[in-house]
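Undergrad: The listed protein sequences derive, respectively, from chains A and B.
Okay, so the first sequence: first residue is 1 according to the numbering used here, each after it adds one.
Okay, so the second sequence: first residue is 1001 according to the numbering used here, each after it adds one.
What the hints contain is simulated information worked out from the structure, not anything from laboratory work.
Be a bit skeptical, because a hint or two may be false.
[Unchecked claim] Which stretches of chain B does chain A cover? Using the computed rule of at least three CB atoms under 8 angstroms from a CB of chain A, they are: (1) 1010–1021; (2) 1051–1064; (3) 1079–1087; (4) 1099–1108; (5) 1144–1151; (6) 1178–1192; (7) 1206–1218.
[Claimed, not checked] Here are the computed distance ranges between Cβ atoms for each label pair: (8) A/Arg223 / B/Thr1068: 35 to 43 angstroms; (9) B/Met1160 / A/Val96: 56 to 64 angstroms; (10) B/Ser1034 / A/Val100: 32 to 40 angstroms; (11) B/Gly1119 / A/Asp167: 50 to 58 angstroms; (12) A/Trp48 / B/Phe1247: 20 to 28 angstroms; (13) A/Ser65 / B/Ala1239: 39 to 47 angstroms; (14) B/Ala1118 / A/Arg117: 30 to 38 angstroms; (15) A/Gly218 / B/Leu1100: 22 to 30 angstroms; (16) A/Pro263 / B/Val1019: 28 to 36 angstroms.
Glycine included, every Cβ here is placed at the ideal spot set by N, Cα and C.
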Amino acid sequence: MRALPTRGRPPRDRSARGGGGRPPGAPRNVGWLYVAPALAVYAVFLLWPLVRGFWFSLYDWDGLSEGTWAGLSNYAKTLSDPSLRASFGHALVLVVFYAVIPCLIAFVLVAVVSRTRVRGLALFRTVLFLPQVVAMVAVAVAWQWVYSADGPVNGVLRALHRLGLPDWSRGWLGDFSFALPAVGLVGTWVETGLAMTLFLAGVQKIPRELYEAARIDGAGPFREFLAVTLPGLRRELAVALTLTAVAALRNFDLVYVTTKGGPGEATKVPAYEVYNRAFNTGEVGLACAIGVTLAVLVFAVTAGVGRLAEGRGEARP
Amino acid sequence: MISARERLANHAILVVFAVIALFPMVGVVARALSLPDLDVSAFADAWTDGHFATYMRNSLIVTAATVTAGTLLSIMAGYALGTLAFRGAGALFLLLLAGLSIPTEAVVIPLYFDLRSAGLDNTYAGVVLPQTAQSVAFGAFWMRAYFRSVPRSLLEAARMDGASSWTTLWRVLVPMGRPAILTMIVLTTMWTWNEFLIPLVILNADDGVRTAPLGLSFFQGGHQTDYTLLMAGALIVAAPVVVVYLFLQRHFIAGMLSGAIKE
Chain A
1 MRALPTRGRP PRDRSARGGG GRPPGAPRNV GWLYVAPALA VYAVFLLWPL
51 VRGFWFSLYD WDGLSEGTWA GLSNYAKTLS DPSLRASFGH ALVLVVFYAV
101 IPCLIAFVLV AVVSRTRVRG LALFRTVLFL PQVVAMVAVA VAWQWVYSAD
151 GPVNGVLRAL HRLGLPDWSR GWLGDFSFAL PAVGLVGTWV ETGLAMTLFL
201 AGVQKIPREL YEAARIDGAG PFREFLAVTL PGLRRELAVA LTLTAVAALR
251 NFDLVYVTTK GGPGEATKVP AYEVYNRAFN TGEVGLACAI GVTLAVLVFA
301 VTAGVGRLAE GRGEARP
Chain B
1001 MISARERLAN HAILVVFAVI ALFPMVGVVA RALSLPDLDV SAFADAWTDG
1051 HFATYMRNSL IVTAATVTAG TLLSIMAGYA LGTLAFRGAG ALFLLLLAGL
1101 SIPTEAVVIP LYFDLRSAGL DNTYAGVVLP QTAQSVAFGA FWMRAYFRSV
1151 PRSLLEAARM DGASSWTTLW RVLVPMGRPA ILTMIVLTTM WTWNEFLIPL
1201 VILNADDGVR TAPLGLSFFQ GGHQTDYTLL MAGALIVAAP VVVVYLFLQR
1251 HFIAGMLSGA IKE
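Start from the sequences, fold in the hints, and give me the full structure.
TA: Right under this line is the structure:
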């Protein structure tokens, strides 16, 4: 309380100022004045564009001439157009690489860490979390080189080839079968640190006695993980899945920089199609419909995973 | 007890993943420095010929403006939502919270057309204002949580002393809340500095206002396979946030993890 600025001044009797006094905690409509600037910027530059985006999505519009009313046909096209459907399919594949695999790897790492006292754990976490703070464009430029014909990945593979293994080297991002998994693995590399950091924070909250009890019962590492660690991390798992799955659905920077959706349409994703349809093929209405669909998907994932975690929580005593 | 064999296996697992995590980072640095020759000229080339000096300056301006505006508005909004209990505060909070799950992809196209009509495309304001709105959605949520954690008695005491709500906020609560505010600043700085889609769409014509990530993507378009130069450019763009991260790691992690837990 050292910062209170009114030393020595007698408290003002508020009730004496005609009607101005009210009991503490009563509604104070001055609050609106404090919120107004934030609300104005938020409404004009985030909410209004969302409404406008929905409005645009109901038109056939090339961005230049007069648009024509299209009803929900852009949404019908979003769901039926083979190339757009493929892009949503690719997004699902990326969810596996961005969310499922990182959470599995993070579980292994956390299980290991929770059983062994490891020196340098803080450094390990710092390094693994680092990709989270690097601009995705920089990550993408770096990985494009890592995957390139003479890049380090092919360097390692050619070295293995010289040791007698088959030659697996190729231009990963230009390969029809491997471009999407290659993009996905960048996501795995980025998101694993996030999942692990979340789980590490969660594991520290699990009472040590539970582990000791499991060990006294003779549980091996696997049983111990299933019986103690996994149930204790339910909430962290929900958060990790939400954040990483949303990152997968919203993957734009990585695809734009590394493949532009190619080769062919092998790595087209909805977020890239929003940009592509609006500015390359002049289908602004369709682009907005894809954007709105993506927003609905993001919202559904956020609400769905949260509910899953809570629903199971209620079942527990 | 854990057997020596398991201990060995555990360490092996950690080492393998540490190597995988580090492999691209070390590779990029080695390539940018042309190791083992150690030649830093790629950085100088990127900085001058690649116009990274301009891009970095633009990013600094955009980030400083966005974070300053976002922080001030978020503190005020969070204060009102967290302590002033005015009519409609609950609904307003939910409205702002909804902004956390609006993906940029859903708003960037209409933003482009409306900002262009207003003459704000290819200007700093055109990228600062939308990003301020996004920062406020997170910031109001984040600051509200802090202001709600302030003991009621402190607010009462300030009021008894005759401090107005404005004085209470800036003279009492903001100085006390520096850790929470710093976390918010660190996160919005990172998000703004790293943002790509908004600058790509809004700053589409004038290369004099391009931000660093946008500049990097153009630079890549022009130097497809000059990887030494490209890696130097990528490191320049990543460096400011990475340096802040190394010093304020706790804030990054705390914010990114608890900011995600909305309830």
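Undergrad: Each of the hints needs a verdict: does it hold here or not?
TA: Taking the hints in turn, this is what the structure says about them:
Figure legend: the region 1010–1021 of chain B, annotated as covered by chain A; annotation consistent (8 residues with Cβ-Cβ distances under 8 angstroms, at least 3 required). For the region 1051–1064 of chain B, the stated coverage by chain A is violated: 0 residues have a C-beta nearer than 8 angstroms to a C-beta of that chain, whereas at least 3 were required. Evaluation of the coverage hint for the region 1079–1087 of chain B: fulfilled, as 7 residues show C-beta separations to chain A shorter than 8 angstroms, against a requirement of three. Only residues whose C-beta sits within less than 8 angstroms of a C-beta in chain A count toward coverage, and the region 1099–1108 of chain B has 9 of them, enough to reach three; the restraint holds.
Evaluation of the coverage hint for the region 1144–1151 of chain B: breached, as 0 residues show C-beta separations to chain A shorter than 8 angstroms, against a requirement of three. For the region 1178–1192 of chain B, the proposed coverage by chain A is not satisfied: 1 residues have a C-beta within less than 8 angstroms of a C-beta in that chain, short of the threshold of three. Residues of the region 1206–1218 of chain B lying with their CB closer than 8 angstroms to a CB of chain A number 5, which satisfies the three-residue condition for coverage. Checked against the given bound of 35 to 43 angstroms, the beta carbons of A/Arg223 and B/Thr1068, roughly 53 angstroms apart, lie outside it.
Checked against the hint of 56 to 64 angstroms, the C-beta distance between B/Met1160 and A/Val96 comes to roughly 59 angstroms, which is consistent with it. Roughly 38 angstroms separates the CB atoms of B/Ser1034 and A/Val100, a value that falls within the hinted 32 to 40 angstroms. At roughly 57 angstroms, the beta carbons of B/Gly1119 and A/Asp167 sit within the given window of 50 to 58 angstroms. Between A/Trp48 and B/Phe1247, the C-beta spacing of about 38 angstroms breaks the proposed range 20 to 28 angstroms.
At about 45 angstroms, the beta-carbon gap between A/Ser65 and B/Ala1239 stays in the expected band of 39 to 47 angstroms. Between B/Ala1118 and A/Arg117 the beta carbons are some 59 angstroms apart, a value that contradicts the proposed interval 30 to 38 angstroms. For the hinted restraint 22 to 30 angstroms between A/Gly218 and B/Leu1100, the CB-CB distance of approximately 46 angstroms leaves it violated. Distance hint check: the CB atoms of A/Pro263 and B/Val1019 are about 30 angstroms apart, consistent with the given range 28 to 36 angstroms.
Checked against the numbered hints given earlier, this structure breaks hints 2, 5, 6, 8, 12, 14 and 15; the rest are met.
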